[in-house]
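Q: With the sequences and hints as input, model every part of the structure.
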Amino acid sequence: MDILVCVTRVPDTAENEIEVSKDGTDIERGALVYSINEADNYAVEEAIQIKERVGGSVTVVTVGTEESEEVLRREMAMGADKGILLTDDAFAGTDGRGIATILKAEVEKGKYDLILTGALADAGAGEVGGMLAAMLDRPYASLVNSIEIVDESTLKVGREVEGGNTEMNRIKLPCVLSIQTGINEPRYVGIRGIRQVASVQIPVHGAGDLGLKAEAIAPRVQRQDYFVPTFGAGAEMLEGSNEEIIEKLVEMLKAKGGLK
Amino acid sequence: MNSILTSPAAATFLGIPGPVLFTLITVVGMAAFTYILVRRFAPLLRAQPDPRFSDLPQRLWKLLKFGFLQWRQPRYMFPGVLHILLFAGFLVLSVRSISLVVVGIVDGFVLPGLGGSAGVVYSVLKDIAATVVLAVAAIAMVRRGIFKPKRYEVPARYGKDHTWEAVLVLGLIIGLVTFDMLFEGSEAVSQMRAGNDVGHLLPATGPWLVAYLLGAASPGVLQAVHLGGYLLHELTFFAFLCLLPFGKHFHVITSLPNVFLGKLRKGTIKPVRWDVKEEELDNLKSLGVKTFEDFTWKQMLDFYSCVDCGRCSDNCPANAAGRPLSPRFISIKSREYAFKRYPIFGAVGPAGEPLIGNALHEDEIWSCTTCGACEEECPVLIEYIDKIVDLRRGMVDEGMVPQSLQKPLSALEKRGNPWGKMEKKRADWCKEAEVPVAVLDGGGSAETLYFVDSITSYDDRMQKIGQATARLLTDAGIEFGILGAAERDSGHEVLRFGEQTLYQSLKEQNTEAIQATGAKRIVTADPHAFNALKNDYQGLPPVEHISQTILRGVREGRIAFNPVEDQSKVYTYHDPCYLGRHNELYEEPRQVLESIPGLRQAEMERCRDRSFCCGGGGLMLFFEPEEEQRMGVLRVKMAQEAGANVIVTACPFCLVNIEDAIKVAGLEGEMEAIDLTELADRQVKRQVTAIDNCVNQ
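Residue numbers (the numbering used here), protein chains in the order written: chain X, 131 to 390; chain P, -14 to 682.
It is worth saying that the hints were derived from the structure and are not from the lab.
All of these numbers come straight from a predicted model, not from anything done at the bench.
Check before you lean on any hint, since a few could be wrong.
Capping the alpha-carbon separation at 30 Å, the derived lysine-lysine pairs in DSS-like fashion look like this [unchecked claim]: (1) K384(X) x K648(P); (2) K392(P) x K270(P); (3) K212(X) x K392(P); (4) K255(P) x K275(P).
A: Shown next as structure tokens:
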């Protein structure tokens, strides 16, 4: 099975202190460290595991800047066969639809049975996978947390639904899936692995190579402002005996969906 | 004295002349034994190199101390003494066994040098030895077969019980000495009847007893016992010899060489490959131990030398806490795998077969805290930590790293600390140090460098150790600086968790930063950093632990302590693994405690080189092991048993683990933990002059 995984480079939330920039339209990026978007990493691991089971190839693709090459190399160190970097000055500042448009153009240059994306990236929109599927006119399942290969043209996929429940679906190939974190246990990649793929050529495609015109990728949604919400009234103190407190707490957790 | 009974070499057995029969037995026995050994050592020839022939005097001393003097045996007194007696008996009887083999072929053979009075002395000696061996083997057999000490049990997940193996070999030993006694006793009776003096037959020895029992036997019976005893002795001897390389009794052959070839430098980790330089590791296709042949020959010899005595596992904190690790079975399972992979007859197992999943398990290898309790205990100096690290290197290279460790490793790569905190905040702790701290931040120099390391730099609670250290250094009149933002995690656990490349990168960054300061010496309050800088890194100035610095301050009169106010407190010192066992600093921290007036001290049963690991430092804090209880909880209970209510540690990781364990054990209010630096800081006599702020250079 030939699989394409769409990945992206994001600021690592675990290793940064995120602050909104002065003009409010972005975060302070000066001292940030970046890494592969977490859900994308699960998607790549899933693709590699499928390849290990049934053969085929795994290609990772990203829309970004030259610096995005590092996440492609990381995923290649993990076991992806090929990386493709889609970069062009014209891509800067595009929105989710723009990214889906760019990816669609790249997808059409190759032949992929399965396209995976992470469920969500740093912008939190979770829109690229669905838009890409629609543009390609392929079946789509989101928030996938299990993939089983039924036969050459069919997959059985589990989706995470409300309350931690799972919904099972059959889906025809070729298709697009957005992958939820936790679907597998991604393998570790260290500096050594990345160094070992350091000399592998990564094709770079720009707007011209993809036959894209600037207006096709111009953002239709424009970011206006970021702000840190003001702190609320504070904590609610539960009172009563231990048993009463526990009972109230359990009720609240249930009400908010923390407990089933 | 001529023999009266027909000697084996003069007799015929079922028509076969003695010399022919015994030559045959010897040739077949030796050929089989040689063949078995050749097969057993086949994997060692395919193994990785391991230079073990340097520092000959040191090695000979090891051989004498741990080999011939059986230094570690009395750590388990009763079985230890049994083993010393058995070992001494074997040494004496080995000469007898050789001469006995020849006696059946060359009539009346006497080993050169044992002809005259020396022979008589030896004869008495070997009769005593044989009797002792007989008694000890019988006691050991009863102990192993009937009393079955718990230490020898084989939990189901590690295979089947090994008692039969021990009992069988003990039986063979009993057979060996008994048959010789029959051989010799029957001749002695005949000599006595002929009126000859058999003065060397010492009363209460085996041959004497046999002579006594056979006193009334007919000459025919004596002759039969004499020849039968000899024949059975020879058969048992070669059976015993050929059986040795099939199990734990291989140690009879391999343990003395293993001790001679033992590791010389404590606290260090072996390089990935002895034949590849650190900077050339990137050229290797594969890193670490993945298949059996990735082990070095010495690591394989370790497996062969394991006596299955279980002392390692008896002391292993991971085993005690119910983690899926028992060091004994690392050796036993690997040996069984080696035997299966390299059978006595037939082809070698498939190439490239991974050890993980076939002989060993991932969880087993990640469970080790590298505390070194197993190595400290092993009578034959088997090395476990290097193997664990080599196996982890292999797993890291294959991407098989537990999810709980991936985040801290990635943070170490990006930010130089496992929490992913900002580099610029590394020196924030010194804002509350109350004394000036020179933060070098990649510029400036310092005579003395205080290497803080990550946990003390970033953890709110452990920052207090840094602050106490800074004040104590000031008290001791030492001007010092810290690296600040230029400091990276020492990588002590990064190395020990098998992430070699990341460790090398951290080491390079730290080495460069330290050398740039021109420091003449380094001080640290973190034993893991201490061990890393002292034993893992190269080309650094001398490193000392803060306990050494404080003690020197006390001796030079710069540091003095106020008496302890609360006399109801009983303090017990917990030896951190990387201060104690790995660097043998047992006395300094204790002497600091002793120099505090009125401080009541109690020792835990497991202290000094038998200290019990608190749960492990560095990356071990992030690992989520499968375990029944926390090591720290076990340790806190040990302190309670010792009658203590304050546990003094000298390591930030010990403090984290023990403070957590006190909470988990529900002993808050009854038990507390304090770092040596905090205690010294609390008790030190000083005039109050509060200066705050870090001084940037």
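Q: Checking each numbered hint in turn, tell me which of them this model violates, lowest number first.
A: none
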